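Start from the sequences and build out the full structure, keeping to the hints where you can.
Now for the letters of each chain:
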Amino acid sequence: MSLLSPQDEQVLKEHLSAITKPVTVLLFTQAIGGSESGVVAKQVLDEVARLNDKITIVEKNFILDLDERAKYGIDKTPAMVLLGDGQDTRMRMFGAPTGYEFVGLVEAILIAGTGNLDLQDETLKLLAAVDKPTNIQVFSTPT
Amino acid sequence: MAYANPNITSSAIEATEFMELSRRFRVTGVPKTIVNDTVEIMGALPEELFVRTALQIPDDSPTP
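If you read the sequences in order, they're chains A and D. Once you know that position 66 of the first sequence is 66 in our numbering, the rest is easy, because the numbers rise by one and skip nothing. Whatever position you read off the second sequence (first residue = 1), add 1000 for our numbering.
There may be inaccurate statements among the hints.
[What the hints assert, rightly or not] Okay, derived cross-link-like pairs now, EDC-like style, lysine to aspartate or glutamate, Cα gap no bigger than 16 angstroms in a straight line: (1) A:Lys42 <-> A:Glu14; (2) A:Lys76 <-> D:Glu1020; (3) A:Lys13 <-> A:Glu47; (4) A:Lys13 <-> A:Asp65; (5) A:Lys76 <-> A:Glu36; (6) A:Lys132 <-> D:Glu1047; (7) D:Lys1032 <-> D:Glu1017; (8) A:Lys76 <-> D:Glu1017; (9) A:Lys13 <-> A:Asp46; (10) D:Lys1032 <-> D:Glu1047; (11) A:Lys125 <-> D:Asp1059; (12) A:Lys125 <-> D:Glu1048; (13) A:Lys125 <-> D:Glu1047; (14) A:Lys60 <-> A:Asp75; (15) A:Lys21 <-> A:Asp88; (16) A:Lys76 <-> A:Asp65; (17) A:Lys54 <-> A:Glu14.
Simulated from the structure, these hints should not be mistaken for lab results. Computed from a predicted structure; not experimentally measured.
The following block contains the structure:
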């Protein structure tokens, strides 16, 4: 059964039509010892990818794909890494992207696929001046 | 923010799925933002204030 209704799919498809660059979402899951949310994450991503041919989902094995885990700094599952035009956007998501998290997923895909940031000029100047590694973690819940 | 600068990495974390991490950072409400494991921002803030708080840039300092 689909998680997205036909109406939701139509609205989402229109939003995603802004994408101009290929977006790849690397989904790290683990079959053994992994949570059910990895299965949910896969279904959500597949449903989104079906709406736009520039979006590709690539599943990675958390236990076996150690080089890529290290490359993208993945320490828990399910984890999503967003690539825009093959380049790391440094945007990550952990946990099933449902509820409010789903909105975040769509926004991240749009940023990766358009390069457009909906931020004020002042904010962009502040961000441009960051010269040391900065790790931002945002905790949220689906409801 | 991460997309704007290669020095920045951002993670959206589903708090109820990663309880140990949520406990470590005392996530008692959402959204809660943690920067470099030390700076804590509870709730949502206006954009510029959020960025200044996250990056520890005083309000009265000029934009670069």
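Structure-based check of each hint:
{"no.": "1", "hint": "A:Lys42 <-> A:Glu14", "verdict": "violated (22 angstroms)"}
{"no.": "2", "hint": "A:Lys76 <-> D:Glu1020", "verdict": "holds (11 angstroms)"}
{"no.": "3", "hint": "A:Lys13 <-> A:Glu47", "verdict": "holds (11 angstroms)"}
{"no.": "4", "hint": "A:Lys13 <-> A:Asp65", "verdict": "violated (32 angstroms)"}
{"no.": "5", "hint": "A:Lys76 <-> A:Glu36", "verdict": "holds (13 angstroms)"}
{"no.": "6", "hint": "A:Lys132 <-> D:Glu1047", "verdict": "violated (21 angstroms)"}
{"no.": "7", "hint": "D:Lys1032 <-> D:Glu1017", "verdict": "holds (15 angstroms)"}
{"no.": "8", "hint": "A:Lys76 <-> D:Glu1017", "verdict": "holds (10 angstroms)"}
{"no.": "9", "hint": "A:Lys13 <-> A:Asp46", "verdict": "holds (13 angstroms)"}
{"no.": "10", "hint": "D:Lys1032 <-> D:Glu1047", "verdict": "holds (15 angstroms)"}
{"no.": "11", "hint": "A:Lys125 <-> D:Asp1059", "verdict": "holds (14 angstroms)"}
{"no.": "12", "hint": "A:Lys125 <-> D:Glu1048", "verdict": "holds (10 angstroms)"}
{"no.": "13", "hint": "A:Lys125 <-> D:Glu1047", "verdict": "holds (13 angstroms)"}
{"no.": "14", "hint": "A:Lys60 <-> A:Asp75", "verdict": "holds (13 angstroms)"}
{"no.": "15", "hint": "A:Lys21 <-> A:Asp88", "verdict": "holds (13 angstroms)"}
{"no.": "16", "hint": "A:Lys76 <-> A:Asp65", "verdict": "holds (13 angstroms)"}
{"no.": "17", "hint": "A:Lys54 <-> A:Glu14", "verdict": "holds (14 angstroms)"}
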